[in-house]
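*Asks:* Protein chains in written order, with the numbering used here: chain A, 21 to 188; chain B, 104 to 370.
Be aware that a few hints might be false.
In the BS3-like style, the derived pairs of lysine-lysine whose C-alpha atoms are separated by at most 27 Å in a straight line are [to be verified]:
id, chain 1, residue 1, chain 2, residue 2
1, B, K343, A, K58
2, B, K211, A, K39
3, B, K343, A, K83
4, A, K51, A, K107
5, A, K39, B, K343
6, A, K124, A, K170
7, B, K184, A, K170
8, A, K83, B, K299
To be clear, the hints were calculated from the coordinates, so they are not data collected in a lab.
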Amino acid sequence: MEAVWADMALTELPSWVSKAPSNWGTTTRGKLSANNWKVICTVHLPITLIRLWGGDDLPDSRKAMLENFMDLVRAVQVANLRSISLKEIELYEYHIFRYVTSFKALYKLAKVKPIHHAALHYGDILRGFGPAHTHSAAFYERHIHSMQSKNHNMKLGLSISDLTSGLS
Amino acid sequence: MRSSTREANLKALLEDDSEARSRVGDLVETYRDILAEDVRGTRLAHMIDAVHLTQQAADIVYDRNSLRESSLPGAILAAFKQFLRCKHPGLRDEETTENSSDIMVSPKAKVLDKFSLRGVQYSTASRRTRDSHVFFRSAKPEMGKAPPSPQPGQITHIFIHPNVLHYPVSSSQHNRPSVYVCVQPYAPLQPSSGPKLRNIDQMYRRFGFAGGFLCRNEFASPIIIEPSSVISHVAVTPLKIGADNVFHVLPMDRVTILIRLLELEDS
Numbered sequence: 021m022e023a024v025w026a027d028m029a030l031t032e033l034p035s036w037v038s039k040a041p042s043n044w045g046t047t048t049r050g051k052l053s054a055n056n057w058k059v060i061c062t063v064h065l066p067i068t069l070i071r072l073w074g075g076d077d078l079p080d081s082r083k084a085m086l087e088n089f090m091d092l093v094r095a096v097q098v099a100n101l102r103s104i105s106l107k108e109i110e111l112y113e114y115h116i117f118r119y120v121t122s123f124k125a126l127y128k129l130a131k132v133k134p135i136h137h138a139a140l141h142y143g144d145i146l147r148g149f150g151p152a153h154t155h156s157a158a159f160y161e162r163h164i165h166s167m168q169s170k171n172h173n174m175k176l177g178l179s180i181s182d183l184t185s186g187l188s
Numbered sequence: 104m105r106s107s108t109r110e111a112n113l114k115a116l117l118e119d120d121s122e123a124r125s126r127v128g129d130l131v132e133t134y135r136d137i138l139a140e141d142v143r144g145t146r147l148a149h150m151i152d153a154v155h156l157t158q159q160a161a162d163i164v165y166d167r168n169s170l171r172e173s174s175l176p177g178a179i180l181a182a183f184k185q186f187l188r189c190k191h192p193g194l195r196d197e198e199t200t201e202n203s204s205d206i207m208v209s210p211k212a213k214v215l216d217k218f219s220l221r222g223v224q225y226s227t228a229s230r231r232t233r234d235s236h237v238f239f240r241s242a243k244p245e246m247g248k249a250p251p252s253p254q255p256g257q258i259t260h261i262f263i264h265p266n267v268l269h270y271p272v273s274s275s276q277h278n279r280p281s282v283y284v285c286v287q288p289y290a291p292l293q294p295s296s297g298p299k300l301r302n303i304d305q306m307y308r309r310f311g312f313a314g315g316f317l318c319r320n321e322f323a324s325p326i327i328i329e330p331s332s333v334i335s336h337v338a339v340t341p342l343k344i345g346a347d348n349v350f351h352v353l354p355m356d357r358v359t360i361l362i363r364l365l366e367l368e369d370s
């Protein structure tokens, strides 16, 4: 963790990427948001872990753990692309399948959770509905906010023709 | 919910009451800009506000009011001449002296600190370092040839040269002055770099778009590119590996282009 925190302090991220808390992983900081985890896992951890765990002189188990983690990183990166093709969906499925399979082999005591199962089916969702940002919760919340800011005179759900027929 | 209702009422008031609208004057324009930030880019926004359907958004956006006159340093002017020679091999007339192939370009230019390309903001290193690290292509791909490899660098200057070139944006818009970006590329690792450094670089490169790569902690000569050559931002981390100071560069492209590019290079 010391090495990760040290690298994090030096990393310059574009302004559109929210910074993760510098003391993440401590009891003082507590829980992190989903976006914090995404930045930590896709940016900060690869920078440090590949350097520390990727060497030829390290035990195979450590390298297998790195490989397993990087499969997850690549799957998350592909799943969050702003535009997506069938080839990229196949790339997602390849990495997420490898991640879940090696996760079971590497961490015998860890339980396979529903989120792992759901992640295996996410390729079908990408195939059916397109990139993640077009059907994520944030997408719909943004539209709800947009609709709420329209003035409807407390007649929500009525069309103009309904209103005018009531007048005649 | 309460603030949304107030917002809805205010919008209706501004639309329907011309007297109220005239009293608040310039505030209306700013208020509309702020509202547009909330919904920009959504299909629903286009459906609700039909005015967006008739507006064509430009790829490059910058604040014309922030343009200021400046003299380009010698190194950048030389790079700019080189850029013009490559882009317009037959450049003549007032830009070229009669008996020389050297292009005469005035050092006077209008400089900018930042611009927005397809909704992403890029800045010069002096303005906002975080937004100045980019991944870019130094030249456009030629027909039938493999595209040149993208490389990382830092934006040092953004400028408009008023006397050189203008390009048509579209038939419906007036010609706009071209924006030029001066980038200092990060120097790649040399073949003579130590085996430890090369091993670690290979370890990063093995993971492709998710792992990034290493560069030397120094800059190559500045080059000029067009904004459309910028691919994405990069995250830069200075690292000390053994006795070597290097930069780790992680491309931050989230629009697939980079993954396709890296695949092309691997194949």
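*Asks:* Does each hint fit the structure? Answer for all of them.
*Replies:* Hints, one by one, checked against the model:
1. K343/B with K58/A: Judged against 27 Å, a Cα distance of about 26 Å means the pair holds.
2. K211/B with K39/A: Between K211/B and K39/A the Cα gap is close to 39 Å, so the pair fails against 27 Å, i.e. violated.
3. K343/B with K83/A: 22 Å, holds
4. K51/A with K107/A: Violated, at roughly 35 Å.
5. K39/A with K343/B: 23 Å, holds
6. K124/A with K170/A: 50 Å, violated
7. K184/B with K170/A: Distance of about 53 Å is beyond 27 Å: violated.
8. K83/A with K299/B: 17 Å, holds
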